[in-house]
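Trainee: These are the residues of each chain, in order.
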Amino acid sequence: GAGVSQSPSNKVTEKGKDVELRCDPISGHTALYWYRQSLGQGLEFLIYFQGNSAPDKSGLPSDRFSAERTGGSVSTLTIQRTQQEDSAVYLCASSLVSSTDTQYFGPGTRLTVL
Amino acid sequence: EDQVTQSPEALRLQEGESSSLNCSYTVSGLRGLFWYRQDPGKGPEFLFTLYSAGEEKEKERLKATLTKKESFLHITAPKPEDSATYLCAVQGVYNFNKFYFGSGTKLNVKP
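As you go down the protein sequences, you meet chains X and S in turn. Per the numbering used here: the first sequence = residues 14 to 127. Per the numbering used here: the second sequence = residues 127 to 237.
Just so you know, these hints were derived from the structure itself, not from any lab. Watch out, some of these pointers could steer you wrong.
[To be verified] Chain X stretches covered by chain S per the calculated footprint, using a threshold of three residues with CB under 8 angstroms from any CB of chain S:
| # | stretch |
| --- | --- |
| 1 | 43-56 |
| 2 | 92-100 |
| 3 | 116-126 |
Idealized CB from N, CA, C, for every residue including glycine.
Please model the entire structure based on the sequences and the hints provided.
Mentor: Okay, here's the thing in structure tokens:
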């Protein structure tokens, strides 16, 4: 079966522009996570969705970051007014029911802000 | 604050040379400790979950162990295809929707 997919795989943008990153979880998975991985750093938790709701938004670095999930499936991470420090790989993961289940990761979106 | 530290940052081994990777953690009540493998340009791939001190899990040449303060990933007689970055993460019982990752150990196995 298909795994977690993310698009685009690479995104280059200019400072100050908005970007949208997309995640398609494994079909039937109700839990979805977004992480950020900066060069040489570990994964930084951003947000967790259970269905369409996000009980934990504590990891979003600033109010320029937002995320939504529709239909219990596709999720979009939006970064407004991008800054150079936003450059990183953004990873999405999904798990079957909840945070107690194994997470399966997508390949990531590499964001470069010039 | 919950925290994970992995060492060494990088490890070079000859094929067949066994070694161990370390993951030290501080968490207010451990629900689970996770090991992942990450290849360049790919997302992390799940390896093991450990829940309590003394627990061990094995998969091929890999064996993960857990104590109250750290976990080890033992690699026995590694092969070049084991070359990857190995990530450790913890999940606490008081906020189990959040996972704390270490920065990883980059393993390079030379033939």
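Trainee: Against the earlier hints, flag every one the structure doesn't satisfy and list their numbers going up.
Mentor: Per hint list: single violation, 2.
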